[in-house]
Amino acid sequence: MAEENKKNSSSEDSANKTLSKDKESNKNLKDKEEKKKYPKNRTAEQIENETESFKLTKSLQENIDLFNTVIFNDDDSIVFRVFQNKKSDAKFCIFFVDGMIDNLIVNKNVVNPIINSSLDKDVDSNDIPNYLMNKVIDSNSVRITSDIDKIIDSVTYGDTILLSEGSNKALIIDTKGWNTRAVTEPQGERIVRGPREGFTESLRMNLSMIRRRVRTSRLKLKFKKIGVRTKTDVCIAYIEGIAKPEIIEEVEKNLDDINIDGVFSTQEIDELISSKYITTFNTVGVSERADVIARKLLDGRIAIFCDGSPMVLTIPHIFIEYFQVNEDYYEGYIFSSFNRLIRILGFFASISLPSIYIAAVNFHQELIPTKLLLSIKQAKQGTPFPSLLELVLLLFTFDVIREAGIRLPSHVGEAVSIVGALVLGQAAVDARIVSAPVVIITAATGITGLLIPNIKGSTITMRAVLLLFTSMLGIYGYIFGLILLLTRLVSMKSFGIPYMLNIGAVKLRNMKDTCIRLPWWKLNLRDKFITEDRVRQYSKKSRKRG
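For the sequence shown, the positions run 1 to 546 when the UniProt record's numbering is used.
These are calculated hints, taken from the structure and not from any lab test. Note that the structure is a prediction, hence the values are computed from the model and not measured. Careful, some of the hints might be misleading.
Using C-beta positions, here's what the derived DEER-type ranges look like [as the list claims (entries may be wrong)]:
(1) P245 <-> R181: 27 to 37 Å
(2) D149 <-> S491: 42 to 52 Å
(3) Q365 <-> A444: 33 to 43 Å
(4) K224 <-> L468: 28 to 38 Å
(5) V400 <-> P245: 27 to 37 Å
Listed below are the simulated BS3-like cross-link pairs for lysine-lysine, each with C-alpha atoms no more than 30 Å apart in a straight line [what the hints assert, rightly or not]:
(6) K522 <-> K512
(7) K220 <-> K231
(8) K225 <-> K176
Backbone N, C-alpha and C fix where the C-beta goes; we use that ideal spot for every residue, glycine too.
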């Protein structure tokens, strides 16, 4: 008995080992199959063609199995529903992504009409999709296709797919119904006068805002898909006859050259298509206001919309556009010109005040009036750090407080900014850690920098560079830094357009909307370097003004 038990146990052990080996071999075989199916380091072309071998057949069950168990396997968000026509044996199946469709449209305009319709007996099974599209389904957008890629792209974007028995074609029905953010005023581009509409994350809604403002057949919208995996919808908008064809071609070429896994914002597109300059100044403009983009289109710019992003790019973008805000065109031209000059002076003050202070205090004290110099020296007594280090520490602290105020909720962020500026500054002066003049310079620098938030990164960078040169060479280092800055800006281009266009213009017609804004009756021509059609006003006689 003992020998028999040993034999039995040994045979069981060998059977278990064999079974475990079989499981391991099956697992290894499955892993190998998965690796064959999705090999590593695939090219973009391989990823795009991975569904090339899939085809629709005339068997409804085979088509359902293709999408349910092969293409969308392990995906519980895809809903399949099989149903049958009441008055015939015709079977159908719809599938969609749960949460991305309007259930009322699907039930009322697709399923219910098909179930209750009287299908013509003379209609061939393969022609049923055409029959349903033309006579049964109540929808403003229905397409017929047998392309698997189009079906996958449509169903993952909120459409409903209809399959039918006996046909190797599918219907793509527009049933999009996901929720989108309401149209509100952009937080970063607030104005006192003018429209309050800002773009949202919905591409269709954003384009409708532009269509409503520019009601002409010459407004062209070209769609592209960017991202090998995300296949994000991107739209190029321009007005034919105003935008330059060579700039349009360059933009389209740069977009076609993008080869990336996915795109989720226009900032990624900006960096991928913009000129490869090592600089903090943008050669592509950005805005999330519909009225701004409509105005840019009329000026000959090209706009790039990205689905899922409220920010819209404009091309080309020149330096003076940093100081042109949309409210300039809703206020009187005198007040608008005054505000624009303040912004320009604020930019130069923000990058120059720390450098000029260090140059005057450390290198050229003879430039400072005697009483002011004595006041600065008296305030400096008892502080442990040199003026340069004090200034660097306070500027860094100011940027930290500003960033914290932006990231925190609005009611908390305002309190943090005020408390940080007042309490920390006063405490630092009372504790003799920094001198009062340095606090004043830092405050003036920070406030003037907030006049133009779109150029924040460039302002901080140029301020640091000028401060570095000034700390070594005094006022001569400051002048040398400005020369380097101007040389760099003059050498830059935005899609073939000089970046400093019209900055040094001598003729009045080229300065009409640069440092100042002239009245609308003077803005009768567009810029000849950017636009194809210069004429903005078509009056037969020029208006005479006293």
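* Honestly, do V400 and P245 meet the 27 to 37 Å range at C-beta? -> Between V400 and P245, where Cβ atoms are some 48 Å apart, the hint is violated.
* **Satisfaction of hint between K176 and K225, Cα-Cα up to 30 Å** => Measuring from Cα to Cα gives roughly 18 Å; hence the hint holds.
* Asked: CB of Q365 to CB of A444, is that within 33 to 43 Å?
  -> At roughly 20 Å between Cβ atoms, A444 and Q365 fall outside 33 to 43 Å, so the hint is violated.
* Given the proposed pairing of K220 with K231, does the C-alpha separation stay at or below 30 Å? -> 21 Å, holds
* **Whether the CB-CB distance between D149 and S491 falls inside 42 to 52 Å** => 44 Å, holds
* Asked: Between P245 and R181, does the beta-carbon spacing fit 27 to 37 Å?
  -> Given a distance of about 35 Å, which is inside 27 to 37 Å, the answer is holds.
* Honestly, do K224 and L468 meet the 28 to 38 Å range at C-beta? -> 43 Å, violated
* Are K522 and K512 close enough, with their CA atoms no more than 30 Å apart? -> 8 Å, holds
Hint violations for this structure: numbers 3, 4 and 5, all remaining hints satisfied.
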